[in-house]
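Fit chain B with the ligand to the known structure of chain A by using the hints.
Residue numbers (our numbering), protein chains in the order written: chain A, 183 to 556; chain B, 240 to 634.
A hint or two may mislead.
Claimed, not checked - Distance ranges between label pairs, derived from CB positions: (1) A:429 - B:422: 41 to 51 Å; (2) A:552 - B:522: 37 to 47 Å; (3) B:484 - A:235: 50 to 60 Å; (4) A:219 - B:359: 56 to 66 Å; (5) B:507 - A:320: 14 to 24 Å; (6) B:374 - A:460: 52 to 62 Å.
These aren't lab readings, by the way, just hints derived from the structure by calculation.
Every residue gets a Cβ at the ideal spot worked out from N, C-alpha and C, and that includes glycine.
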Amino acid sequence: MTEPDLLYSEAETDLRSAVRSLLADRAQPAAVLARGETADPYDAGLWRVLAADMGTAGLLVPEKLGGQGAGPRETAVVLEELGRSVAPVPYLTSAVLAASALLACDTARDEVAGPLRALAEGRRVAALAIPLPAAPGAPPPVTVRADAAGTLSGEVSAVAGAAGAELLLVRADGGLYTVDAASEGVRVTGITALDRTRPLARVTLAGAPARRVAGEERATAAVDAALLAGAGLLASEQLGIAEWCLAETVRYAGERYQFGRPIGSFQAVKHRLAELWLQVASARAAARSAADALAADGAGGVEAALAVAVAQSYCGQVAVRAAEECVQLHGGIGMTWEHPAHLYLKRAKADQIALGAPGRHRETVAALADLPAP
Amino acid sequence: MSTIDADGLRRRTAALLAAHDPATTDRLDFLRARFDAGLAWVHFPAGLGGLDAPRSLQPVVEAELAAAGAPDNDPRRIGIGLGMAAPTILRYGTDEQKQRFLRPLWTGEEVWCQLFSEPGAGSDLAALATRAVRDGDTWTVDGQKVWTSGAHLARWAILIARTDPGLPKHQGITYFVCDMSDPGVEVRPLRQITGEAEFNEVFLTGVRIPDAHRLGGVGEGWRVASTTLMNERVAIGGARVPREGGMIGVVAETWRARPELRTHDLHQRLLTLWVEAEVARLTGERLRQQLAVGQPGPEGSGLKLSFARLNQEISGLEVELLGADGLAYDDWTMRRPEGVDFTGRDAGYRYLRAKGNSIEGGTSEVLLNIVAERVLGLPPEPRTDKDVAWKDLPR
Ligand SMILES: Cc1cc2nc3c(=O)[nH]c(=O)nc-3n(C[C@H](O)[C@H](O)[C@H](O)COP(=O)(O)OP(=O)(O)OC[C@H]3O[C@@H](n4cnc5c(N)ncnc54)[C@H](O)[C@@H]3O)c2cc1C
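Next up, chain A with everything else stripped away, as it sits in the complex (with noise of 0.2 Å):
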């Protein structure tokens, strides 16, 4: 077994650079909060630089296909910002969770590269409608019939990024199928959700028109590979939710006076602010190591969904962990809904559960590792 790279390149570096300073920009947390409160739960605006104008949106997509020709391991990099700034964008949904859906369908056939190529240079904004908790090796329940005239019916709940896609892939029975959002019989409906800034709806259907893209099998696998591929760069953004949190709690820490002293001189408050860093640390290389694998692995491969399956059972309780004591450590400050501390406990703890709790990925290690249940 050759050992994974787990630094960053140097293009790896830049388009942090360029990602970090556009989201200082436009997705402070001030705004982040306010967004929350509109109708609109994603930033358009910001979507459409982060999208298009960076081509962001196109990174796991191949230059012939519209894209970057990047891969995981640069669209981790993409996804650890945006856990920095819990920004309300749908990177994870339209350009991992989606593209991924398509990329594992035949390219070669125009309703599948047309789709991809309008999602990859950001012009459109497509979700994959599954009922989230959804993880890799557990094929979702399908609840969409198709019927003889290729229409879609039936109901899909909890879809994170269906609100505000113009472009669902359905997987109903007998496929995988494409679905304009605005057209007649589809109904997206708003889910309140504990992660106000990754938004969840129930998708209805009743007689959508929609184009098949992919056949039984096949649907199959292009789900699986969307969700190992989802659940691998959900990593990257558990990273950067940790290291979020801890950065803002080392600040104040240094910062909040009691007892005539900052609060970071307590060692109490030292020693476990340490712990936390030696667990962003892992996690970072859990991450790296997941964004690699998925690079150099593709989604079949068993290397792949073992790393994959170590970084979700670790990073999302590191994220999790990191984000309880950034709220803890803040005292009462910390329970306001003012102080952005309460974005990253929610995306952190919807992160956690979304694409495989710990335990569901601890089970993959338990088959993957060969040590079965007793």
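Frame of chain A; chain B with the ligand shown alone:
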């Protein structure tokens, strides 16, 4: 201590019910009659809602009254009055203060809040900067308090303020009862991570407090406040609960009702937490038996520590267990609630609200310090702020 026993209490309760049939008596009239019969809090003195009976006999009264369908005083609405103000008034109040405040406090006619924390004085509460200046029989108070739960509902507040900045910080504090309807009291809501505004900022500008509303001696405020704080910790973490009471009961119900959500991993974690919750409950019960008489000591901190940790872990597990429902939230509308229920609403709310359990009433870090220093007797950290005049402290 009176000699009344469980049977005596049952008889008294029956007499109360006979004279004031809950079915036909106005709620408030019933509660007042219950107070006057000494059945409000039986361990309080006669004439102040009690009968000098052992505290452990209170459940006898509660059970009889519940069986008869009698109204209660809605303790969730008046937790600060019952859990913190009342024991402090009982211990340090004058006879007039006890007569004036305890009855409407217990019946819920007058809601209380706690004006302790300030922007610069949370864990280091003794550093507080709100000033009270005396002029004859009246004090004038200026300053800002923060995180004041229920200030928007309160008629009275327990307040600590600095009366002598020239003394070291613990010595120059005095404890008052503050009239929340004074025109100098301004209450502004502070929204919480749950979406609601349970707590508030309170601005005090030229608030007038008669000296008759001072609780304890001038400069004695820290000692009086310590009584409040120790009672607060017991009030938050020390409530008597049946097996599977509180947060663990909620998730246990979900577990039984939703077999499709079960996994081996969650099962093991649930069982671990169930055992810990049961042991925490027994620990509380044991402590209560030890303290059947007398005031809570630093040991109460231990109860609150376990309570906070378990509430957080259990509610976190519940969100995970619920999956899709855990990703949803019932309502983010900004509201100013009437009270607080840690196990109320949905799993997301419980998870978020539980985060406050390790902050309110003294953070878990501070409580661990208290256990280490006052229970275990370990030497304190070196302090530079204890013997310096408050006005000379670095800020
Ligand atoms: C939901 C809620 C309701 C509340 N209701 C009321 C109320 O009704 N009335 C009222 O007066 N107050 C109320 N409070 C305030 C509460 O008592 C304070 O928030 C608490 O004492 C902590 O103070 P702080 O917020 O200033 O945090 P800080 O004291 O600034 O603490 C920040 C962090 O530093 C840590 N820390 C501080 N000192 C030490 C140390 N020596 N060693 C190790 N760690 C340390 C703390 O544990 C915490 O994690 C409420 C708070 C909450 C969250």
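Hints and how they fare:
1. A:429 - B:422: 41 to 51 Å: Holds - the Cβ-Cβ distance for residue 429 of chain A and residue 422 of chain B, about 45 Å, lies within 41 to 51 Å.
2. A:552 - B:522: 37 to 47 Å: holds, 42 Å
3. B:484 - A:235: 50 to 60 Å: Holds - the Cβ-Cβ distance for residue 484 of chain B and residue 235 of chain A, about 56 Å, lies within 50 to 60 Å.
4. A:219 - B:359: 56 to 66 Å: About 30 Å separates the Cβ atoms of residue 219 of chain A and residue 359 of chain B, which means 56 to 66 Å is violated.
5. B:507 - A:320: 14 to 24 Å: Check passed, 20 Å falls within 14 to 24 Å.
6. B:374 - A:460: 52 to 62 Å: Holds: the Cβ-Cβ distance is about 57 Å, inside 52 to 62 Å.
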